[in-house]
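A.B. asks: Read off the chains here:
2 protein chains.
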Amino acid sequence: MAALRAEMREQGLAAYVVPGNDPHASEYMASHWCEMQWLSGFNGESGTVVVALDRALLWTDSRYYLQAGIELKDSTIELMRESDIDCPSVAEWLCGELRITNYELRIGVNPEMWSVDQFSAISHQLSEAGIGVKSVDLIKPIWTEGRPAIPSDKLYPYSADFAGETVESKLARMRESLESKVESQESRVKSQESRGYAMIISALDEIAWLLNIRGNDVEYNPVVISYVVLEADKCTLFVNPEKIDSAAQNYLDFNNIDVLPYEAVFEYIHGLKGTIFYDGAKVNEALYEAIRKPTPAPSLKGGEQGANAKNIQSPILVDKAKKNAVELEGERIAMRQDGAALTRFFKWLEETLVESQKSKVERPLTEWDLMEKLHAFRAMGENFEEESFGTIAGYQGNGAIVHYAATKENCAEVKKEGMLLLDSGGQYLDGTTDITRTVWLGGRIPEQAKLDYTYVLKGHIALQTARFPRGTRGNQLDALAKQYMWQAGITFGHGTGHGVGHFLGCHEGPQNVRTDNTPTPLEVGHIISDEPGIYRTGQWGIRTENLITVIPAKQTKATTTEDEWLTFETLTLCFYDTSLIEMSLMTEYEIDWLNAYHVRVYKEVSPLLNEEERKFLARKCAALEVNE
Amino acid sequence: MAALRAEMREQGLAAYVVPGNDPHASEYMASHWCEMQWLSGFNGESGTVVVALDRALLWTDSRYYLQAGIELKDSTIELMRESDIDCPSVAEWLCGELRITNYELRIGVNPEMWSVDQFSAISHQLSEAGIGVKSVDLIKPIWTEGRPAIPSDKLYPYSADFAGETVESKLARMRESLESKVESQESRVKSQESRGYAMIISALDEIAWLLNIRGNDVEYNPVVISYVVLEADKCTLFVNPEKIDSAAQNYLDFNNIDVLPYEAVFEYIHGLKGTIFYDGAKVNEALYEAIRKPTPAPSLKGGEQGANAKNIQSPILVDKAKKNAVELEGERIAMRQDGAALTRFFKWLEETLVESQKSKVERPLTEWDLMEKLHAFRAMGENFEEESFGTIAGYQGNGAIVHYAATKENCAEVKKEGMLLLDSGGQYLDGTTDITRTVWLGGRIPEQAKLDYTYVLKGHIALQTARFPRGTRGNQLDALAKQYMWQAGITFGHGTGHGVGHFLGCHEGPQNVRTDNTPTPLEVGHIISDEPGIYRTGQWGIRTENLITVIPAKQTKATTTEDEWLTFETLTLCFYDTSLIEMSLMTEYEIDWLNAYHVRVYKEVSPLLNEEERKFLARKCAALEVNE
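If you read the sequences in order, they're chains H and S. 628 is the number that the working numbering gives the last residue of the first sequence; the numbers go up by one with no jumps. 628 is the number that the working numbering gives the last residue of the second sequence; the numbers go up by one with no jumps.
By construction, these hints were calculated from the structure, which means they are not laboratory data. You may find that some hints are simply not true.
To be verified - Stretch-level coverage of chain H by chain S, calculated; a stretch enters the list once three of its residues show a Cβ under 8 Å from a Cβ in chain S:
| # | segment |
| --- | --- |
| 1 | 271-283 |
| 2 | 339-352 |
| 3 | 456-470 |
| 4 | 507-518 |
What the hints assert, rightly or not - DSSO-like, lysine-lysine: derived pairs with alpha carbons at most 27 Å apart:
| # | chain 1 | residue 1 | chain 2 | residue 2 |
| --- | --- | --- | --- | --- |
| 5 | S | K154 | S | K73 |
| 6 | S | K322 | S | K234 |
| 7 | H | K557 | H | K450 |
| 8 | S | K373 | S | K554 |
| 9 | S | K554 | S | K615 |
| 10 | S | K557 | H | K450 |
| 11 | S | K415 | S | K615 |
| 12 | H | K450 | S | K554 |
| 13 | H | K615 | H | K358 |
| 14 | S | K615 | H | K554 |
| 15 | S | K347 | S | K234 |
| 16 | S | K234 | H | K557 |
All figures in this text were calculated on a predicted structure; none of them were measured in a lab. A virtual CB, placed ideally from N, CA and C, is assigned to each residue, including glycine.
Just chain H, same shape as in the assembly (with noise of 0.2 Å):
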């Protein structure tokens, strides 16, 4: 800290912003990056980093207080609760208690940290107020002991076999996409001489989908630490050199990629003539501040006025996101291994605490046992590679913590009463799966527990068997899920669903289910999660998760008008816990779906499990009775 406030005297800055990101707006980072954690000593997954010359802070949303507050204890860090009303943003206290006593200050960013509409954002609310921002590097000079490398594992080429779909048409795809936004912008611009284009993707996801690569360099995501730049003619990769083997080169070769060093892309961008298109969501500051800008007079050398860069919506986040035939059939090989694991997990949580009542154990049974068991199971499957994201098996009143992650040394004892709410999700080669089934282990069920478990399954099958014209965004489908829930009084503050990449991140847009106004409709082909959850606080989370994909419905006969109708097909296999549900309040077309749905979990599960596993599966999927 002494060492970063040197730093910021040498430059006349007077506070120095460390955000909790990576160069590539990825949710899952490489340990090289995490800046924020390594500068306050605070290990959670989202915090910005405030330095002044006489104090420092940190801001962490309301996820984070408690571990925040335990590991900034000995330190002189102050903890801004962001997730509090009256807390100012970064923003608000830059240009207001800092300001206060500064007039003519500066402050300090890394560029390479900040996506360029971050950036943005910031730099236009601080020059309001007068504020100049620097973008400057200042952790490099001092995080010079005991920082990770940036990972270097290998990159494989993905099969077009899981693909569906060979590197050569998705580039040329993109190209036709870039084309068309380059001549439309010329038509507008008659006098400007047209001068190609390329396309800065940093998206880690974006590159191993345009690319059909995978790597291992960050947890939970199959991707490459790299960037892309696409041209008309050509199309570059940097990366690390010792990420490539020769056959990874020789695929490279034969998909006419070539290959630079990763840190190359700065110089290279520089470069760059005609429309320079980025997304400025996701490419970074440092990125953008390379492209050579035109000068405001003409310069001496004709022609070299620089690159027209434009902010657009990428193409590839928009084209990933609609999965093809091959990927949408892996998803549905993907969820037969996930059902498998998981009716095994349950088959042996159920005999387990069984037995552990019975006889003296020798240790409790916890939530980390129950991660650790889960994801051995998954394990087993065929193609799997690692988890999606780290399991969430949250134990009664852990169950209302939405983002509980228990670690070995710290989590609960698991008994044979209450509620269990478990999320987690594998990435196989065939696909990615994300799923949430809360059940009940033992003891009288409280009549509030049945109905929460009703009211969000209800809202839950009402999402998932939702029929909606084309051009219908997620928002307007979102009070499908909510409306039962809502009657009584209760709701959820996370999104109803998010998008899900194909052996890719667990988390991708543009396509989700929440409140927010979004531009995005749905499309054919788009995965999302369909997740309600109600959560009472020291009691029970309950939260019951599908993934589910668009697929075109049916023209009916009584249909008025010419839209095409869209609506969803369910991607996971797994049984519900109906002892939870409250039968009274299901209609009959729920209970219709319900048996439905379970007669098809047991034909797809049931041939890869053993006659004992099969029996089990069969009596969770067994048909409930319509109520009269």
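Take the given structure of chain H and dock chain S to it, following the hints.
C.D. replies: Here is chain S on its own, set in the frame of chain H:
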């Protein structure tokens, strides 16, 4: 047309654009401003005429294709069908077709007829194509004969007994809101000294609400053609002096409202300094152009740097939408009057249809007769002033034409068979009503008709019984009203709900229930319509509409959140045609709701009826039995 082209040549204009607007962004316009209709001979309510030197075109939407086709038959004006996918917009046509043959061109528009936002959108598009826009009124010099004068009906004070708030209180509240906006702005721009503020108000319903005045200048909306400029220390009404009798003058004097002639507003605005607020969605471009903008270089006379124009959402719009307790009580009174009128109407209709079948009647009953009769029954009501819009009486296939308007000359005969859609409303001093009921007049009901009616009814009930956390927007609730018909592959093209004013516009913002993204959450006191529909071309239209208002919902015992909860109170009081309900689709909850509503309708409306009418109403409100 020739005269206009002569003017255009003189001004060097390649085209002149005449939109179907007035200077106040009104829904219903005084005939003085019907320039589009006068110029084209087309009498639809919506359209834009573009006159080029060698061609003339009229853009209008699908509601008016038929009418425009007939009315333009003998003219040289080409019809542009703007609802068609391949139809270019006015701006696209100007930038495309017109641009091709004219390299250096300007087009003219009358800035009074464009809102600032509309004008800025089209100028931006045109300037990108190198086309200039000139503000000039070319209709005034040529429409000299037979142009209707601007209406000069008297304005009258609207008692605070109806409005529920005095002018003094409203003005104070608005000034407070504007002052806070000035402060937050000045705190950001430290160098600028405080120089006061003003707000330009041109929307007629905002003026009527703010000053508690009403008038009869346009059809259906009790407003006064005028402008207002609100400043910290005064409030000026710009209005034709003929409109003010001595009682009105006393009222305005008492409330310290200065009066200047209508046309004086431009000069007055030109003299304003400080921060000038305007709502660019409503205020016209001519008013904006009257603001003295700061000159780029400092003026010679120190301090005369002009005014600082700020485009904001009108705080009057926002406050007007949240009805106070007196306004809501007035709505309830108006609804009883409206319910009585509709009861009498439907009783008359039933009896008249029986009569017409029994005996040879003089002349057949028509849609027009129904419209007149309904108006007459409403006119019997206490405090009834006028209809709130032109009644839609759509018999059989005519009901499927969403904006159908029968005329005396052109209307269908109504027989004791088939479906009738009736959408109508009244302006009472107590409040504004808007109701649609669809009824079956006789004969065997087709199965599809019952299904359609029931899908609509279920959605209509789902919306008005929704319970939701504060902060929820209308677009989040839209699918609740559509979910049942969506399952059957049916949807409709109009909004599910529009805002409604209090003895003002039957359509008002910012609240609504539509599919579009909207920033506006529903708030306590908002009135909206709840009107899903199903339209079968050539067969029938079914729409069921109540007005509902947002009220606080009680917190439940089961709640898990600190959120405030909202729900709706149904304001409209009129029975539904239960003969059209397919009972097998109805849930117990829906049947209970409907029975309770019918009990309430009878209880509230019957005291206004005679014995026979009460019997009729009791029969229509008879309880439905829950099906088992």
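A.B. asks: For every hint, state whether the structure bears it out.
C.D. replies: Quick rundown of the hints versus the structure:
| no. | hint | in the structure |
| --- | --- | --- |
| 1 | 271-283 | violated (count 0) |
| 2 | 339-352 | violated (count 0) |
| 3 | 456-470 | holds (count 5) |
| 4 | 507-518 | holds (count 3) |
| 5 | S:K154 to S:K73 | violated (40 Å) |
| 6 | S:K322 to S:K234 | holds (25 Å) |
| 7 | H:K557 to H:K450 | violated (39 Å) |
| 8 | S:K373 to S:K554 | violated (42 Å) |
| 9 | S:K554 to S:K615 | violated (36 Å) |
| 10 | S:K557 to H:K450 | holds (15 Å) |
| 11 | S:K415 to S:K615 | holds (24 Å) |
| 12 | H:K450 to S:K554 | holds (22 Å) |
| 13 | H:K615 to H:K358 | holds (23 Å) |
| 14 | S:K615 to H:K554 | violated (47 Å) |
| 15 | S:K347 to S:K234 | violated (53 Å) |
| 16 | S:K234 to H:K557 | violated (64 Å) |
Against the hints set out earlier in the document, violations occur for numbers 1, 2, 5, 7, 8, 9, 14, 15, 16.
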